[in-house]
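2 protein chains.
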Amino acid sequence: MLLLTTLADMKAWITARRKEGKKIGLVPTMGYLHQGHMALVTSAKRDCDAVVLSIFVNPLQFGQGEDYEVYPRDLKRDSQLAQEAGVDVIFAPTVPEMYPRGKQKTFVEVEKLTERLCGASRPGHFRGVTTVVTKLFNIITPDYAYFGQKDAQQVAVIRRMAEDLNMNVQIEVLPIVREADGLALSSRNVYLLGTERESARVLYQALEKAQQEIAQGEKDASMLLKVMTRMIEQCDKAKIDYIEIVDAFTMEPIQKLEGSCLIAMAVYIGKTRLIDNVLVEV
Amino acid sequence: MLLLTTLADMKAWITARRKEGKKIGLVPTMGYLHQGHMALVTSAKRDCDAVVLSIFVNPLQFGQGEDYEVYPRDLKRDSQLAQEAGVDVIFAPTVPEMYPRGKQKTFVEVEKLTERLCGASRPGHFRGVTTVVTKLFNIITPDYAYFGQKDAQQVAVIRRMAEDLNMNVQIEVLPIVREADGLALSSRNVYLLGTERESARVLYQALEKAQQEIAQGEKDASMLLKVMTRMIEQCDKAKIDYIEIVDAFTMEPIQKLEGSCLIAMAVYIGKTRLIDNVLVEV
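So the sequences go chain by chain: A and B.
Residues in the first sequence are numbered from 210 upward in steps of one, following this note's numbering.
Residues in the second sequence are numbered from 210 upward in steps of one, following this note's numbering.
Wrong hints could be hidden among the right ones.
One copy or two, either will do: identical chains are not told apart, so a pair holds if it fits within one copy or between any two.
Unchecked claim - Okay, derived cross-link-like pairs now, BS3-like style, lysine-lysine, Cα gap no bigger than 27 Å in a straight line:
hint : residue 1 : residue 2
1    : K359      : K314
2    : K312      : K465
3    : K232      : K220
4    : K220      : K314
5    : K314      : K446
6    : K446      : K254
7    : K285      : K435
8    : K285      : K446
9    : K314      : K465
10   : K228      : K285
11   : K465      : K435
12   : K231      : K220
Just so you know, the hints here were simulated from the structure itself, not pulled from any lab data.
With the sequences and hints as input, model every part of the structure.
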């Protein structure tokens, strides 16, 4: 496995693979890899001849007062995991390599879909995501790119961006990978201290409860939101950022469940902001 | 020469050329071709194995009350000119083909460089330009793309966009082509009625005057602007939208001429808004 850190090296490698007619898969990450990322790699290995895993903690997608500085980083451990999973190249550029002229002046923005949920809590976040993903797509020119359903809104936004801008990449989305007790895997789970880890179960417990209600015929979004809110509020350490039920493609809130619905939430456990969601087909 | 109108046909043609290892040049236009466009084609023919000329009057880059509806269109005449110039494909998609889902939700924006000059007079214009050019770049994946210096701010914006987003295309810029009396060629010159055509000479006359002053040692931007403004104001039919002297790359106004300076103006002749500029190396 190669570790490349410059655009020039990355582009040269891609050009060589293109000449060999290889299908290229990209798994864009911020590193501190977990089994969720590994599931993306496994899928990429199946579809493609060469797999690039990018590791870049993108300053553009972090807001003021967010965790950019302390976001966990461990390239050595990541390299080991990536190698074991059969990644061909880790692309780990520096910030000046990605934003060489100081402040980036060009941005890719998706409207409407970014207004609610994490878009409302984290202004500018999705603009940072779509801009860096566009850059990575242009650098690596992947045939396929892999994203986790854990970031459900990001998935909807990137799909829409790729369609709207006629990007030559197929977006593949893989299900959330969870711990045995239901907690969705996240690099940020490392922030959970002591009993917070147990409290963090409440996100998926609430989502499971909603799914049970839906299985029993409940279709009223406000009823479901009430049940979930009550459950989470019973947990001392939990503070709700948002819980919403939205159309899975447009991210518009829905009153009565129908079609592809996304139940999504962001909840603080202590100081750690966790997100989780389930996709429900009604 | 082929005339293609769908994305599918265009992409299939590109894929076939790529398999042949052909270098592709793109000349993006809004049609109603003139010798300025033809100079772009000539240059593309020289650099590339296959030349695509796109014709698309892009609604996204026209503001309310601008000339989108009446912008001159003549595909038959354009096809003849393109064929004679050796264009391989005209790509002339319909609006629904380019914006299939109604309102486009994804936009590419370049900040700062778009704030002044035409960006100030035409809010949203450059966002429309950068978005459609990104789409065309993704559809056609050109190795080279050709733009005219007549749209000097557009050139600066697109160059910056291509760099900032790591686009895999070389931007080539060709000088303004002028009529014998100095009027810069523009599809919009067709709007000029009767004596307006003669009045339209005043734009380049003012720019020439400024160049003479600079040749004689004048470096003070406000002095030059004063001289040009006075000249244009003497013309009954002319109404200045803006005259500015800016850094040719950042589009920031400059007081004392130094380096690559752009003297740019937009002037209404009757109801027709014309733009012109000269690049001055000091």
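Go through the numbered hints given earlier and state which of them the structure violates, listing their numbers in rising order.
5, 6, 7, 8, 10
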